[in-house]
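J.: Chain by chain, the residues:
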Amino acid sequence: MFNSLTVKFRLVVFIAILLLLLIITGLFGLKTMRNSDDSLSSIYNYQVVPLNKLRILDNLMHINIVGQVDKLLFEQISWEECLVKVDKAKASINNGWSELQELQEGSGNYDTDSWLEPANNLISTSEDVLNSLSIILKARDTKRLDAFSDNKLYPLAEQYTEKIDTLIHNRLNAVQDQYHASQQRYSAAKKSFIVLIIAGVAISAILSLLLIQSITTPLEQFNEAMGHLMRGDLSKKLTHSHNDEFAALSKGFNQMTDYLAELIADIERSGIQVTSSITEIAATIRQQETTVNEQAATSNEIAASTTEIAATAETLTATMNKVTDMAHNTSMAASQGHNRLRNINAIMKKMEDSSVSILSKLSILNEKANNIAVVTKTINKIADQTNLLSLNAAIEAEKAGEYGTGFSVVSTEIRRLADQTAVATFDIEQIVNEVQSAVGSGVMNIEKFTDDVRRSFKEVQISSNQISEIIEQVQALQAPIETVNEGIAAQSMGAKQISEAVDQLNEAAQQTAESVGQTSSTIFLLNKTSQILRDSVARFNLLGNEADNTHFTKDDSAPTS
Amino acid sequence: MLLLLFSTRTERYAMNCEHIFKVIPFLNMQPIPMTPDYVAGSVNYRGNHLPVIDLNQLLEGIQCRNLLSTRIIIIEYKIDAIRAKKNIGLLAEKVNETIKTPKNWVPDHNGDSSYFIDPAIVSQEMVQLFEPIKMLPGDLSQSLFMEHSST
Numbered sequence: 017m018f019n020s021l022t023v024k025f026r027l028v029v030f031i032a033i034l035l036l037l038l039i040i041t042g043l044f045g046l047k048t049m050r051n052s053d054d055s056l057s058s059i060y061n062y063q064v065v066p067l068n069k070l071r072i073l074d075n076l077m078h079i080n081i082v083g084q085v086d087k088l089l090f091e092q093i094s095w096e097e098c099l100v101k102v103d104k105a106k107a108s109i110n111n112g113w114s115e116l117q118e119l120q121e122g123s124g125n126y127d128t129d130s131w132l133e134p135a136n137n138l139i140s141t142s143e144d145v146l147n148s149l150s151i152i153l154k155a156r157d158t159k160r161l162d163a164f165s166d167n168k169l170y171p172l173a174e175q176y177t178e179k180i181d182t183l184i185h186n187r188l189n190a191v192q193d194q195y196h197a198s199q200q201r202y203s204a205a206k207k208s209f210i211v212l213i214i215a216g217v218a219i220s221a222i223l224s225l226l227l228i229q230s231i232t233t234p235l236e237q238f239n240e241a242m243g244h245l246m247r248g249d250l251s252k253k254l255t256h257s258h259n260d261e262f263a264a265l266s267k268g269f270n271q272m273t274d275y276l277a278e279l280i281a282d283i284e285r286s287g288i289q290v291t292s293s294i295t296e297i298a299a300t301i302r303q304q305e306t307t308v309n310e311q312a313a314t315s316n317e318i319a320a321s322t323t324e325i326a327a328t329a330e331t332l333t334a335t336m337n338k339v340t341d342m343a344h345n346t347s348m349a350a351s352q353g354h355n356r357l358r359n360i361n362a363i364m365k366k367m368e369d370s371s372v373s374i375l376s377k378l379s380i381l382n383e384k385a386n387n388i389a390v391v392t393k394t395i396n397k398i399a400d401q402t403n404l405l406s407l408n409a410a411i412e413a414e415k416a417g418e419y420g421t422g423f424s425v426v427s428t429e430i431r432r433l434a435d436q437t438a439v440a441t442f443d444i445e446q447i448v449n450e451v452q453s454a455v456g457s458g459v460m461n462i463e464k465f466t467d468d469v470r471r472s473f474k475e476v477q478i479s480s481n482q483i484s485e486i487i488e489q490v491q492a493l494q495a496p497i498e499t500v501n502e503g504i505a506a507q508s509m510g511a512k513q514i515s516e517a518v519d520q521l522n523e524a525a526q527q528t529a530e531s532v533g534q535t536s537s538t539i540f541l542l543n544k545t546s547q548i549l550r551d552s553v554a555r556f557n558l559l560g561n562e563a564d565n566t567h568f569t570k571d572d573s574a575p576t577s
Numbered sequence: 225m226l227l228l229l230f231s232t233r234t235e236r237y238a239m240n241c242e243h244i245f246k247v248i249p250f251l252n253m254q255p256i257p258m259t260p261d262y263v264a265g266s267v268n269y270r271g272n273h274l275p276v277i278d279l280n281q282l283l284e285g286i287q288c289r290n291l292l293s294t295r296i297i298i299i300e301y302k303i304d305a306i307r308a309k310k311n312i313g314l315l316a317e318k319v320n321e322t323i324k325t326p327k328n329w330v331p332d333h334n335g336d337s338s339y340f341i342d343p344a345i346v347s348q349e350m351v352q353l354f355e356p357i358k359m360l361p362g363d364l365s366q367s368l369f370m371e372h373s374s375t
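Going line by line, the protein sequences match chains A and B.
In terms of this note's numbering, the first sequence is residues 17 to 577.
In terms of this note's numbering, the second sequence is residues 225 to 375.
What the hints contain is simulated information worked out from the structure, not anything from laboratory work.
None of the values given here were measured: they were computed from a predicted structure.
Glycine is no exception: its CB is placed at the ideal position from the N, C-alpha and C atoms.
Please note: incorrect hints may appear among the correct ones.
Quick list of in silico lysine to any residue cross-link-like pairs, SDA-like style, CA-CA up to 20 Å [stated by the list, open to error]:
| hint | chain 1 | residue 1 | chain 2 | residue 2 |
| --- | --- | --- | --- | --- |
| 1 | B | K246 | A | D400 |
| 2 | A | K377 | A | I388 |
| 3 | A | K397 | B | I248 |
| 4 | B | K318 | A | E445 |
| 5 | B | K246 | A | L405 |
| 6 | B | K318 | A | T437 |
| 7 | B | K246 | A | Y419 |
| 8 | A | K415 | B | I248 |
| 9 | A | K393 | B | R289 |
| 10 | B | K246 | A | G417 |
| 11 | B | K324 | A | R432 |
| 12 | B | K324 | A | E429 |
| 13 | B | K324 | A | A409 |
| 14 | B | K324 | A | L405 |
| 15 | B | K324 | A | S424 |
| 16 | A | K47 | A | I59 |
| 17 | B | K246 | A | K393 |
| 18 | A | K393 | B | P249 |
| 19 | B | K324 | A | G417 |
| 20 | B | K324 | A | G422 |
| 21 | A | K415 | B | P326 |
| 22 | A | K415 | B | I323 |
| 23 | B | K318 | A | K47 |
| 24 | A | K415 | B | H243 |
| 25 | A | K253 | A | F238 |
| 26 | A | K393 | B | T294 |
| 27 | A | K101 | A | D157 |
| 28 | B | K324 | A | Y419 |
| 29 | B | K318 | A | D400 |
Cβ-to-Cβ under 7 Å is the rule here; a few derived chain A residues that face chain B [as the list claims (entries may be wrong)]:
| hint | residue |
| --- | --- |
| 30 | D400 |
| 31 | N403 |
| 32 | L407 |
| 33 | N408 |
| 34 | E414 |
Partial pick of chain B residues on the chain A-facing surface, computed with a CB cut under 8 Å [stated by the list, open to error]:
| hint | residue |
| --- | --- |
| 35 | L226 |
| 36 | C241 |
| 37 | K246 |
| 38 | V247 |
| 39 | P249 |
| 40 | M253 |
Assemble the whole structure, with the sequences as input and the hints as a guide.
T.: Given below as C-alpha cells:
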C-alpha cells in the first residue's frame, strides 16, 4: 500500500507531518513565552514602577516642602518663592498619588488586594496639612509657620516616610509571591513540552525510516546495475515492480544501456575503420615524407644550379662589358688604323718614287765603279809588266856578273815600285769590287724593296678596305652586344629570382617535411588513441557472452605507425 | 846566287836563276795529247814551240790558276850531252820576287831533289829549293821533245 505511492507524495506527506509537529511545538512554546512575558511586564509596571514613584513622593515631601519651609524659616528664600515651590510640590505630590491610584486600578487582574488602601488615610491628611501650609504661607505669618511646621509638618513628613517604607515592603512581598507562582507554571509547562517533543521525534523517526527504505532499495538496485555497466556488462537489465519514479528511471536506464550497447558497437566498427584509415594515412604520409625529402633535395640541387647560373651570368655580364669595351676600343683602333693606313699609303707612294731614283743613281754609281775597275786593271797590268820586266832584268844582271850589279839594284827598285803599285791597285780593286758588289746587292735590295713596297701598297689598300669593313662590323656589333648584355643581365636577375624562389620553395619543403613529421607523430598519437579506444570498447560485454569479445582482441595486431 | 821564288798552293819554292832564260806572262796553251796531267800544253814563243809543265800539278796534283802573277819560267834544258839545249816552260804561281843570297851560301842538302833555304834569308819563310834539271823523268822529256822534233 505504501509502496504504490509516488516518492513525491511520500515526501510531501512526510514533510507535512514534520511541519505540523513543528507548528504545534512552536505554538506551545510561543504561548508559554507570552505568559512569562505578560507576568514580567505586569511585575515591572505594577510592582517596580510604583516603588520608584513612592520614593519620589517621599523625596518631594522631605526636600520640596519640608526643605523649603526650613529655608523660609531660616530666611534663605522669600515668601513668594517658597509659596510657589510648595504649591508646585503639592501639585506634584497630588499628581503622583493619582498616578499610583491609576496603576493600582490598571493592575486589577493581577493584584487581588488594593495595596494602596493603607495610604488613603495619609493622602487625605497630607492634603489637609499642605492646604493649611499654603494658607499660612500666603498669610506670611512666621510664627504660625514655625508652630505649624513643628506640630504638623514634621510629624507628617515622618509619617510619610514610615508609610511609604511599609508600602515598598508590601510591594516587594507581592513580587516574591508572583515569582513563586511563575516558577510553578514553568515546571508544569516543561513537562508537557518534553512529552510533546518526544512524541514528535518518535513519529518523525518512524516516518523517516520508512521513507529512506523506500528510496534506498531501488537506489541500491541502480547502484548494482551501474556497477555492472562500469565493468562493461551491458547485458544486465533493471526490474522494478513499483509504479513510481524509479520505474520510469529503470526503464530509462535499460533504454540507455541498449543505446549504449548500440553506440559501443558503432564505435567498435568506427574504431576498426579508423585504424585502417590511419594505416593508410600513415603509409601516405610516409610516401609524402619521402616525396618531400626528394623535393627538398631536388630544390637544393636547383638552388645550387641557379646560384651557379647566376654566378655564370654575372661573370658573363662582366665579360660582355669587357667585350663591349673591347669592341669600342677595336672600333676606335680600327679607325685610327684606317687613318694611319692612308698615311702609309701616301708614304709608300713616296718611297716607291724615291726607290726608283735611288736605283737610277745606283746604276750610275755602278758604271763609275766599272770604269774605276777598268782603270785599276790597266794599272795592275802595267805593274805586272813592270814586275816581269824587273825579274828578267834581275836575271840578266845576274848573268852579267860583276857588270850587272848596278842594274840589279835598279831592277830591284823597279820591282818594289811595281809591287807597291800592284798592292795599291789591288786595294783599289778590292774597294771597287766591294763597291760594285754593294751596289749590286743594293740594287737588288732596292728592287726587292720596291716590289715589297708595291705589294705592301696593295696589301695596305686591301687592309684599309678590310679595316673599313671591320669598323662597320664592329660598329654594327655594338648594338647586338648591348642586347646580349641586357639579356644576360636579365638572365642574371632571373637566375637570382629563381634562386630566391627555390630558396623559398626549399623552406616550404622543409616546413612541409616538418609538418609531415608532425603529422606522422600525430598519426602515431591517433593510432595510439584508437588503440586505447578499441581497448576501452573491448571492455564492454554487449550481449553477455564472452565469445563476442574475441573478435575485438583479434584486431589488436593492427599496424602502428 | 840569285833565287827566283814561286809558289804552289801550300809551299813556297825557290829556283836558281842560273838555268832561267826568261820569265814570260801566262799565255794560252795548246794541249798536248798523250801526255801526263802535269804537262799543261805548248805555247808559241817567238815562233818556236815551247812545251810547258805545270809545277803545281807536278808537285801537288792541283792545276795552276790563271792569275796575274802566274807566269811561265823558260829554262834552258839539256837532255843529254849529245843533243843541243832545249827550252822548256814551267808554269807557276806568284812568280814575282827574287832573292839575292850571300856569296858563300851553300844550301842545306836534304835528299836528292830538294834543298831547304834558311828561313831567315827569305823573310822568315821556310822555302824549298827547287832543282828543275832533276825534276823531270828522262823518258818523259825525251818523248816530249821527240814529239816536238817530229812535228
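J.: Hint by hint, say whether it matches the structure.
T.: Right, here's what the structure says about each hint:
The straight-line distance between the Cα atoms of K246 of chain B and D400 of chain A is roughly 15 Å, inside the 20 Å bound, and the hint therefore holds. About 17 Å separates the Cα atoms of K377 of chain A and I388 of chain A, which keeps this hinted pair within 20 Å; it holds. Restraint check for K397 of chain A and I248 of chain B: satisfied, since their Cα atoms lie roughly 13 Å apart, inside the 20 Å limit. Between K318 of chain B and E445 of chain A the alpha-carbon distance is near 18 Å, which keeps this suggested pair within the 20 Å criterion.
Annotation: proposed proximity of K246 of chain B to L405 of chain A holds, straight-line Cα distance about 10 Å (limit 20 Å). For the given pair, K318 of chain B sits about 16 Å from T437 of chain A by alpha-carbon distance, which is consistent with the 20 Å threshold. Our distance criterion of 20 Å between C-alpha atoms is met by K246 of chain B and Y419 of chain A, whose separation comes to about 19 Å. A C-alpha spacing of about 17 Å is found between K415 of chain A and I248 of chain B, which places the hinted pair at or below 20 Å, so the restraint holds.
Proximity of K393 of chain A to R289 of chain B is assessed by CA-CA distance (about 18 Å); at most 20 Å being required, the pair is judged to hold. Under the criterion of a C-alpha separation no larger than 20 Å, the hint pairing K246 of chain B with G417 of chain A is consistent with the structure, at around 16 Å. A distance of roughly 14 Å separates the Cα atoms of K324 of chain B and R432 of chain A; the hinted pair therefore holds under the 20 Å criterion. For the hint pairing K324 of chain B with E429 of chain A, the CA-to-CA distance comes to about 14 Å; that is within 20 Å, so the pair holds.
Annotation: proposed proximity of K324 of chain B to A409 of chain A holds, straight-line Cα distance about 14 Å (limit 20 Å). Taken as a hint, the K324 of chain B and L405 of chain A pair is honoured in the structure, with Cα atoms around 17 Å apart against an allowance of 20 Å. A C-alpha spacing of about 10 Å is found between K324 of chain B and S424 of chain A, which places the hinted pair at or below 20 Å, so the restraint holds. Of the pairs offered as hints, the one joining K47 of chain A and I59 of chain A holds, with about 18 Å between alpha carbons and a cut-off of 20 Å not exceeded.
Taking the CA atoms of K246 of chain B and K393 of chain A, the gap is near 24 Å; set against the 20 Å cutoff, the hint is violated. Restraint check for K393 of chain A and P249 of chain B: the C-alpha separation of about 16 Å stays at or below 20 Å, so the hint holds. The suggested pairing of K324 of chain B with G417 of chain A holds, with an alpha-carbon distance near 13 Å, which does not exceed 20 Å. For the hint linking K324 of chain B to G422 of chain A, the alpha-carbon distance of about 13 Å falls within 20 Å, and the restraint holds.
For the suggested pair K415 of chain A and P326 of chain B, the alpha carbons sit about 16 Å apart, so the restraint of at most 20 Å is met. Simply put, K415 of chain A and I323 of chain B have alpha-carbon atoms about 15 Å apart, close enough for the 20 Å limit, and the pair holds. Using a Cα cut-off of 20 Å, the hinted pair K318 of chain B and K47 of chain A is violated, with the two alpha carbons roughly 201 Å apart. This hinted pair checks out: K415 of chain A and H243 of chain B have alpha carbons roughly 10 Å apart, not beyond 20 Å.
Straight-line distance between C-alpha atoms of K253 of chain A and F238 of chain A comes to about 10 Å, which keeps the hinted pair within the 20 Å bound. For the given pair, K393 of chain A sits about 16 Å from T294 of chain B by alpha-carbon distance, which is consistent with the 20 Å threshold. For the proposed pair K101 of chain A and D157 of chain A, the alpha carbon gap of about 17 Å is at most 20 Å, so the pair holds. The straight-line distance between the Cα atoms of K324 of chain B and Y419 of chain A is roughly 16 Å, inside the 20 Å bound, and the hint therefore holds.
Between the alpha carbons of K318 of chain B and D400 of chain A the distance comes to roughly 11 Å, so the proposed pair stays at or under 20 Å and holds. Satisfaction of the interface hint for D400 of chain A is found here, the shortest Cβ-Cβ separation to chain B being roughly 5 Å, below the 7 Å cut-off. A cut of 7 Å between beta carbons decides the hint on N403 of chain A: the least distance to chain B is about 5 Å, and the hint holds. Interface restraint check: L407 of chain A against chain B, minimum CB-CB distance 5 Å, threshold 7 Å, status holds.
Here the hint on N408 of chain A is kept, as its CB sits about 6 Å from the closest CB of chain B, short of 7 Å. Below 7 Å, beta-carbon pairs count as interface contacts, and E414 of chain A has one with chain B at about 4 Å; its hint therefore holds. Restraint check, L226 of chain B versus chain A: the minimum CB separation of about 4 Å is within 8 Å; hint holds. At its closest, the beta carbon of C241 of chain B sits 5 Å from a beta carbon of chain A; the interface hint therefore holds under the 8 Å criterion.
The interface hint given for K246 of chain B is met, as the beta carbon of that residue sits about 6 Å from the closest beta carbon of chain A, less than 8 Å. The closest approach between the C-beta of V247 of chain B and any C-beta of chain A is roughly 5 Å, which is under the 8 Å cut-off, so the hint is satisfied. At a threshold of 8 Å, the smallest CB-CB gap from P249 of chain B to chain A is about 6 Å, leaving the interface hint in force. With its C-beta approaching chain A no nearer than about 18 Å, M253 of chain B sits outside the 8 Å limit, and its interface hint is violated.
Violated hints for the displayed structure, listed by number in ascending order: 17, 23, 40.
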